[in-house]
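With the hints as your guide, set chain Y onto chain S.
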Amino acid sequence: MIGWRKRSPRVTTPATPLTPSQVAWLMAVAACALLPHASHLPAWLDAVAILLFTWRIAQWKLHWPGAGRIVKLLVVVACCIGVTLSFGRLFGREPGVALLTLLLVLKLHELRSARDGHTIVLLGYFMLLAAFLYSQTPAMAAALAVSMSVITAALIALNGPPATVRALLRQAGLMLAQALPFMLVLFVLFPRVPGPLWGLPADAYGASSGLSDSMAPGSISQLSLSGEIAFRARFDGPVPEARERYWRGPVLTDFDGRTWRQGESARRIGDTLPHAPGGTAVAYEVTLEPHNKNWLFALETLSALPSGMRMSDDWQLLAGEVVRSRRRDRFESIPEARPGHEEWSGYLDAARRLPADGNARARGLAVALRAQAGSDAGTVAAVLQMFRRKAFVYTLTPPLLGDDGIDAFLFDTRRGFCEHYAGAFVFLMRAAGIPARVVTGYQGGERNEIDDYIVVRQSDAHAWAEVWLPDEGWRRVDPTAAILPSRVEHGLAGMAAGEPVPFIARGDAGWLRSLRQRWEAANNGWNQWVLSYDQDKQRELLHRLGMRSPDWRLLTAWMAGLCALFAVALTAWAMRRGIARDPLARAWTGIHHALRPLGLGREDWEGPMDYAARVARTRPDLAKDVAQACRLYADARYGTSPPLQAARELRACARALRRKRTPAAS
Amino acid sequence: MSVIEPRKVVDAAATLILGKRSRLELSLTCLIAGGHLLIEDVPGTGKTTLAHVLARLLGLEFRRVQFTSDLLPADILGVSVFERETGGFHFHPGPVFTQILLADEVNRATPRTQSALLEAMEEHQVSVEGATRALPDPFFVIATQNPASQIGTYPLPESQLDRFMMRITMGYPDPAAERALLTGRDRRSLLADLQPVADATTLVAWRAQAACVHVADALIDYVQALIAHTRDSGVYRLGLSPRAGLALLAAARAHALLNARGHALPEDVQAVLPAVALHRLPAVEHPGSHDEAARQLLQAVTLPA
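Keeping their order, the protein sequence lines are chains S and Y.
Here the first sequence is numbered in our numbering, starting from 28 and rising by one per residue.
Here the second sequence is numbered in our numbering, starting from 97 and rising by one per residue.
Only chain S is shown next, with the shape it has when bound in the complex (with noise of 0.2 Å):
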């Protein structure tokens, strides 16, 4: 090729300047492709592009002068600078469309040739499947696919003859509807390989919400205002109770007087359940949204752990790797079981430990109530007891507590959230000398009714206790739903009245809950079917259409095959088309065809005139219609008046024909 190139003379195609309407065109492809990037881009960067653009648009309808080189230079420079100093480095998915944004615009500001305009169009697709990088909701593919329809209508608005808007986005529209069969052949058919294709830059992955691996009072209920979904459970059969649906997250052994955090236990990561328990196990599968973290969640108790999954010490189940992206997985649980007698006693020990001094009104607390009960499962019914009779509170807005939290909550306040009623909880029991702990998670979740799907918010986020009872091993205890057993049964639409609950979590407003109900339902489809369409989902796709054992030889004969029928439809249906592509011919013969049942279509060789003349022989009834119609045509066709609007009066009359064929002919 480079041979080629140095043999031949050089040769120069003279640039042809872009018309105003191409330049106009490739205005929009620029605003289409940047507008999904705008709410992202640091707000420097959104203004920088905003004034480059207006800068443009004033040139090209005021005819302001245009940006120098020195300027455009200059820009870069700064522009480099300064996503350099915003993201840290110049390099990576953020900085990186950044980049693109800038040159897009700059490029608007020198538009000689068509290639100029070529490159910006391929510059606007590469925008919008950047774009997909941030969001992949339904309504961003909506967005992104009319964004897409515009740019192509400036791709055949730079390479063909001028043509209106409308033409222009007809046909756009015309191509990307054609090239629909391909995608979706290719979409269910390609086979499907497990992880992504390319490694993504490291910050490809923006911040999301979730269980931390800590606990200090008001990050639980700062997590309940979200109403972001954390993950969504589907049940083979029947649905446990909401009281019994725990799912279980991080466990936090260790305090330090406020915060309890991971201990030792959880680093303690084994290949194998630490335990074996019996009873019915309930199979169901959870897609959980990414969140950064390598834990997952499933119902309490596990019975079986899935392949490639650990489980630590203390009973948190752990991916391989961080969750960066939707995962489904399938578990099976026994909700009633409750393992683990045989607990090793340096865990014990651990689950035993409290900070040397700090809060000693409930140290006392907790030794005279171990001595007036005399047992370990005692004590606990006589904390629960205490909960449940001395006016505790349920709330999402506690006070603030001082140095002594424990202290302050459990003898002057009294008014918390699950945080702090589960932390209060494992500090009494330690402090009993009973070894407890605390666990976070998801309590219950909401049932959509649309699609079956059990959805579990952040505003299901929860924290409750274990304590080890020496006869009965680990025991789940729930002071919240001591206090307030609603919040276990309708999670936070339980709350006591008078009490703030957030609005995502209002169990009134039917029609409302029933829309959002609707339109999770949607975007779980989405998820399911779209985004998360991977090798499990295709071969569970493939076997409801009758492939039992799809391999890749047969998928890809399969799309071979039907991406060729599809061609030859599509060839065929545009050669049927081209024969009458022209409008008025097209709408002409929808005259004749609307005349045919009645046994009067058109003879090929017979002018308008005649035709009309016969038809009106035949059936005077329609002799006024049809003799416009043919008025209409002969005037379009053989005379001088604009044939697009005959077309349409055509049309109007075609359908005024059929509408009066019918009853005359019956």
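FYI, nobody ran anything at the bench for these hints, they're computed from the structure.
Don't be surprised by glycine CBs; every beta carbon is placed ideally from N, CA and C.
Take the hints with a grain of salt, since some may be wrong.
To be verified - Far from chain Y by the CB rule (all over 12 Å, computed), these chain S residues: (1) ARG120; (2) ARG142; (3) VAL173; (4) ALA190; (5) ARG261; (6) GLY284; (7) THR299; (8) ARG416; (9) PRO426; (10) ILE477; (11) ARG545; (12) PRO624; (13) ARG629; (14) MET636; (15) ASP637; (16) ALA640.
Claimed, not checked - Under 10 Å between C-beta atoms, here's a sample of chain Y residues computed to sit facing chain S: (17) VAL177; (18) LEU214; (19) CYS308; (20) HIS310; (21) VAL311; (22) GLY358; (23) ALA360; (24) ASP364; (25) LEU394; (26) ALA396; (27) VAL397; (28) THR398.
Stated by the list, open to error - Computed footprint of chain Y on chain S, listed as stretches where at least three residues anywhere in the stretch have a Cβ under 8 Å from a Cβ of chain Y: (29) 610-623; (30) 657-669.
Relative to chain S, chain Y alone:
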């Protein structure tokens, strides 16, 4: 815009020539398009009357030449005669120096005489004894001929036929028209009473208007398709010539004008097509009747959308 519409001529002629309206329209179309007309039929079907009526209604100067086997070219073109008084030759113009020349029974003359008409028809001028003399404007030849099967005829050669823009046949009148003819007044006296409705100037104006009739690309497509069919289909020994194509379009324009339309339609082309095309199209197989041949040609070609 001329005050008189060409349609008036047809209306007036139709009072005298009964049941032949389409023939009258075609004849007038031919004259407006500036072409020569050949009327072919058995004797006594009103060929000559038609020529008379047209000349009369258009107010044109009219001469008639009865062609016979001993007719010489000079009998048509004119001759120079020595005049004793002036002592020189003086050209006596023949009957061709007129606005409408009726060449009656043109196929009874010898080919030599027939071809004398050739230059006159094509060039609108005659060359006699080395001098070229222009013919009046407008100049039309309306020729009548008997069917070739009749005794004592010299069929017109193809080149000669091609000079005629149209050939029409008269045909017998239908029973109603025939009855009106039989019971009505003598045609000769009617003809004598006929008043002109137009004059030469009007005819020239019509001709100019016809040239301005809009012909759309779609119609040109159709005309081309028709011509291509005559050349490629194998039905005809010889396809239509480019001159025939021009004649077809000019006739279609004139026909549109006659129907008071500013643009020509496929119907105009179809209306003039048999008259313009069939006498130039020797068929490989004898097509049967005139109408049958016309129908065959028309229905063989699809109207382009």
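Going down the list of hints, with the structure as the test:
With a least beta-carbon separation of about 54 Å from chain Y, ARG120 of chain S lies farther than 12 Å from that chain, consistent with its non-interface assignment. Even its closest Cβ contact with chain Y, about 36 Å, leaves ARG142 of chain S beyond 12 Å, as expected for a residue assigned away from the interface. Interface exclusion of VAL173 of chain S from chain Y stands, the closest Cβ pair being 35 Å apart, more than 12 Å. The claim that ALA190 of chain S is not at the interface with chain Y holds, since no C-beta of that chain comes within 12 Å of its own (minimum 20 Å).
A cut-off of 12 Å between C-beta atoms confirms that ARG261 of chain S is not in contact with chain Y; the least separation is 57 Å. Distance check on GLY284 of chain S: its Cβ is at least 90 Å (rounded) from any Cβ of chain Y, clearing the 12 Å threshold; non-interface status holds. Residue placement check: THR299 of chain S keeps its beta carbon more than 12 Å from all beta carbons of chain Y (closest about 78 Å). With a least beta-carbon separation of about 92 Å from chain Y, ARG416 of chain S lies farther than 12 Å from that chain, consistent with its non-interface assignment.
Non-interface status of PRO426 of chain S relative to chain Y is upheld: no Cβ of that chain comes within 12 Å, the nearest being about 84 Å off. With a closest Cβ-Cβ approach of about 51 Å to chain Y, ILE477 of chain S is found to remain outside the 12 Å limit, as its non-interface label requires. Distance check for ARG545 of chain S against chain Y: the nearest CB is about 49 Å away, which clears 12 Å, and the non-interface claim stands. In this structure PRO624 of chain S is separated from chain Y by more than 12 Å, as the shortest Cβ-Cβ distance comes to about 21 Å.
Taking the minimum C-beta to C-beta distance to chain Y, about 9 Å, the non-interface status of ARG629 of chain S is violated against the 12 Å cut. Not every Cβ of chain Y is farther than 12 Å from the Cβ of MET636 of chain S; the closest lies at roughly 5 Å, contradicting the non-interface assignment. At roughly 6 Å from the closest C-beta of chain Y, the C-beta of ASP637 of chain S falls inside 12 Å, breaking its exclusion from the interface. For ALA640 of chain S, the condition that its CB be more than 12 Å from all CB atoms of chain Y is violated, with the nearest at approximately 9 Å.
Nearest Cβ of chain S to the Cβ of VAL177 of chain Y: about 55 Å, over the 10 Å cut. The hint is violated. The criterion of a C-beta within 10 Å of any C-beta in chain S is not met by LEU214 of chain Y, whose closest approach is roughly 35 Å, and the hint is violated. Nearest Cβ of chain S to the Cβ of CYS308 of chain Y: about 12 Å, over the 10 Å cut. The hint is violated. Hint status for HIS310 of chain Y: holds, given a least beta-carbon distance of 6 Å to chain S, under 10 Å.
Of the supplied interface hints, the one on VAL311 of chain Y holds, with its beta-carbon coming within about 8 Å of a beta-carbon of chain S, less than 10 Å. Interface restraint check: GLY358 of chain Y against chain S, minimum CB-CB distance 7 Å, threshold 10 Å, status holds. For the restraint placing ALA360 of chain Y at the interface with chain S, the shortest Cβ-Cβ distance is roughly 7 Å, inside the 10 Å limit, so the hint holds. The interface hint given for ASP364 of chain Y holds, since its Cβ lies 8 Å from the closest Cβ of chain S, which is under the 10 Å cut-off.
Hint on LEU394 of chain Y holds. Least Cβ distance to chain S is approximately 6 Å, under the 10 Å limit. For the restraint placing ALA396 of chain Y at the interface with chain S, the shortest Cβ-Cβ distance is roughly 8 Å, inside the 10 Å limit, so the hint holds. The interface hint given for VAL397 of chain Y is met, as the beta carbon of that residue sits about 6 Å from the closest beta carbon of chain S, less than 10 Å. Taking 10 Å as the C-beta cut-off, the interface hint given for THR398 of chain Y holds, the closest approach to chain S being about 4 Å.
Counting residues of the segment 610-623 of chain S whose CB lies closer than 8 Å to any CB of chain Y gives 3, so the stated coverage by that chain holds, three being the minimum. Under the rule that three or more residues need a Cβ within less than 8 Å of chain Y, the assignment of the segment 657-669 of chain S holds, with 6 such residues.
The structure is inconsistent with the numbered hints 13, 14, 15, 16, 17, 18, 19, although it conforms to all the rest.
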